[in-house]
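Student: Residue numbers (numbering that gives the first Met the number 0), protein chains in the order written: chain A, 0 to 179; chain B, 0 to 146.
All clues given are correct.
Okay, derived cross-link-like pairs now, DSS-like style, lysine-lysine, Cα gap no bigger than 30 Å in a straight line:
id, chain 1, residue 1, chain 2, residue 2
1, B, Lys89, A, Lys169
2, B, Lys116, B, Lys90
3, A, Lys169, B, Lys116
Hints listed in this document are in silico derivations from the structure and should not be mistaken for laboratory results. Everything numeric in this text was worked out from a predicted model, so none of it was measured.
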Amino acid sequence: MLTRKGQVPEAVEIIGASIIIIIGVIVLLFANAEYQHSLENAKEKYLPAKSLVEVLDVQFMGTDILNTMRLQITEEKTLGELFTALPEESSSLKEQGLIMDQVSLAALYECRESLQTTLQNFLGKTYGNKWAVTLMDQENIIFMCMAPGAIPTRPLSETYMTVPSLDPEKDLTVLLEAYP
Amino acid sequence: MNRKAMVFLYICAIAFIIAIVTFYGSIGKQTPGGDTKLLGEKEIQLFGTYEQAEQDMYYIGLAAQISAERASQENFQEEFEAQFAKYLEKKSITQEEYTFSYTESAGTMTIIGTAAKDIVYEEENYRYSLTPNFRVSIPFEMEGFIP
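The shape of chain A in the complex, shown without the other chains (with noise of 0.2 Å):
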């Protein structure tokens, strides 16, 4: 092809476009990569695989176990109220029907039906049937409530709180637990 003098031949300009195109097509592909690999680190890490529980519900557990304890059990009391006596005052819970002793598991009382019924109607709705509520004193387990049909397992998440006892010196724990 002819070209005047001073002039760059078009074959020469052809490969600069392209050159230059292919560049910002690299650059584009980062940007886009960088975008899919954050994206795929947030899955991983609040989305667990062929989960049943809502990924904010996962993540937000402490929301839940707070409302929980705010739940009124019977006229006077909430949940937190109830574990607040324990173990001091479970006689006085046992004659309400809402706890018994424990043999199953190493938890010294477990909820009775209509409090597991009363638990399993707030959390079931997140839930389901694969949800479990611990009260423990550092490590001794003082009671254990697990939906209905539940089978204990390695929790798919967990979130526990802290509140006072009869004993200023001496907080419990309240462990909720979430099951695959």
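Based on the hints, put chain B in the right spot on chain A.
Tutor: For chain B alone, kept in the frame of chain A given last:
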């Protein structure tokens, strides 16, 4: 195209690419809260702090409830405040930083605790504070209670 114009065009194109790379390379640092590889990480961190603050509020309210229920009615105020102070030893606020209001009416004692100091949660990128006021009511049979 003119050879000089072609050189100028190449320079412009390369400068443009460098500008894009520089901009996207530093966009994380310019974002409030700093660079992060995870979407929503800072927001979840903030929500975690909010949850912790709410749980601390709940603890203080429940501790006040227990203290009120366990205080004898004859010496109610002193026993309530002494008991409540023991619970607060584990928190970053003391009983002296509270003002208590006692109202006895129709067999119910209502205590309102007003904190003069906030509980502060210092995190890397933000500061979250709350005023841990509370209000508890318990059955109270002793008439003529004067705080």
